[in-house]
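Chemist: The task is simple: from the sequences and hints, build the whole structure.
Take a look at the letters that make up each chain.
2 protein chains.
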Amino acid sequence: MRYELYYWPSIQGRGEFIRLALEDAGADYVDVARRSRGMEAMIKILENKSRAQPFAPPFLRAGRLLIGQTANILHYLGPRIGLAPRGEPARLWLHQLQLTIADWLVEVHDTHHPIGAGLYYEQQKKEAKRRSLDFRRHRLPKFLHYFERVLREEKRITYVHLSLFQMVEGLRYAFPRTMHRLEPKYPKLIETHDRVAERPRLAAYLASKRRIAFNREGIFRHYPELDAG
Amino acid sequence: MRYELYYWPSIQGRGEFIRLALEDAGADYVDVARRSRGMEAMIKILENKSRAQPFAPPFLRAGRLLIGQTANILHYLGPRIGLAPRGEPARLWLHQLQLTIADWLVEVHDTHHPIGAGLYYEQQKKEAKRRSLDFRRHRLPKFLHYFERVLREEKRITYVHLSLFQMVEGLRYAFPRTMHRLEPKYPKLIETHDRVAERPRLAAYLASKRRIAFNREGIFRHYPELDAG
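As you go down the protein sequences, you meet chains A and B in turn.
Residues in the first sequence are numbered from 1 upward in steps of one, following the numbering used here.
Residues in the second sequence are numbered from 230 upward in steps of one, following the numbering used here.
Some clues are possibly wrong.
To be verified - Taking lysine-lysine pairs in the DSS-like style, the calculated list, with each CA pair at most 27 angstroms apart, reads:
no.: 1; chain 1: B; residue 1: Lys354; chain 2: A; residue 2: Lys129
no.: 2; chain 1: B; residue 1: Lys273; chain 2: A; residue 2: Lys188
no.: 3; chain 1: A; residue 1: Lys49; chain 2: B; residue 2: Lys371
no.: 4; chain 1: A; residue 1: Lys185; chain 2: B; residue 2: Lys278
In case anyone wonders, no lab produced these hints; they're calculated from the structure.
Modeler: In C-alpha cells:
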C-alpha cells in the first residue's frame, strides 16, 4: 500500500515521528505537502466541510482511511510496517509509551510558547525563560529517567525507539548545554539513539535532503537563553 | 471481568473520563485508591522497580494487563463495554477524537499552570492570566467549533460523547462567564452534554458520592480572575 503523509513541509515537527517510521521500514509513501501543490491538497482536506476531518496535521491516508494524531498513526502503522508486534498487549504498551512521548513533546513546545501558540516567541520570552528553567530542572530529568528505565526491557526496535531517537536529537539541538550535562546519566537512552541512527535505511534518510534541518519554526527550537541559568 | 482503576482519590482529573465510561456501561470496577490502603497499592505499582510501569495515573488493571494513558485505556475499554464499535476504522477515528480531547485538556490545565506543574498557582498567577486570555479567545473556540462539527455525524453514543460531556461540565465550572457567552454557538455540543447527563446509569453516578466535586486541586479550576477580561 502507498501511504500518503500530510504534514507541514518546512519543519520536522510531529510529522517527523511518522517520517522516521516510514523511512526506517522502507515503506512506500508520499510526503504530500512537500510536492508541488501538495499544500493546497492538505488545506483542502482540513477545510472540507462536507465531513469531519482530523483536527490538525499530521494525518495519514491509508487506502480509504484518513488517520489523525501522531501516536494514533504510529499505533496503526506499527505492526503493518514491522515496527511493532501484532499482539494487543504489546501494542497497548507501546502506544502508552508513545502517548507519554507526546506529552513530553508538548512540554518541549511550551518551553518557547508557554502563553500562546499564536503569539511570537518574542512576545512571551520572559515567561519562556521561567518555563524552560522548570522544564530543564524537573520535567526533563523525569522523562529521561522514565525512558531509561523502560529501555532496559525493550530489546527489539519499535517505532517507540525511533521516536526516542528523535527526542534525543531534538533536545540536543534545543538544549545543548543541558543535554551535555544530563546525557551521562542515561546511557541506555543514548545507546538506543546511536543504535537507531546506524540503521541503514534511517542513516540514508538522515543524510538525504528528505530530512529537514531543525529550525526556529519547529517544536524543538534553540534559543540560548532558554538553555542557561 | 472486574477492572481496577488507579487514580488520585480526591480529584476528578483524567481519571474521571474513565470513571464516566465504566459507570455508564455499568461495568464491574474498583476505584482502588479510594479504598482503604488503596493509595499505598497505587504508589507501590508506580514505584515498582522490578519492571517498567505506566508513567503516571490513571492506569487500569484488566486481568494481566496494566494499561496507562487515559485515551489508551478508553481505546481498550470502548468495544468491550459497549461504548465503541469493534471495527478498526471506527475505533481509530474515535481514538483520534479522544486524543484531541486530551490535547485540549492539557491546554485547560495550563491556563492555571503555564510555568510549572510543581509550582503553586499563586507563583504563576500573572502568567496564568495571560495564558487564560489566549485560551479563551483563540483555543477554546477552536476546539468547541471542531467538536460541534464532529458531533453532526456521530449519532451513536460512545466514550467520546461522555468525554465531551465532561469537558462541558469542567469548562462551565472553570470559566462560567466565558461558557455562558460561548455556549449558544455550539448547540450540538450542549445537546450532547444534556443527552449524556440523562442516561440513567450516568445520572445515578453523578448524583452519588462516587462523583467527586470539582475543586481547586483538579485540572478544571475556577479562579474568577482567569475567566475575566
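Chemist: Which constraints among the numbered hints does this structure fail? Numbers only, ascending.
Modeler: none
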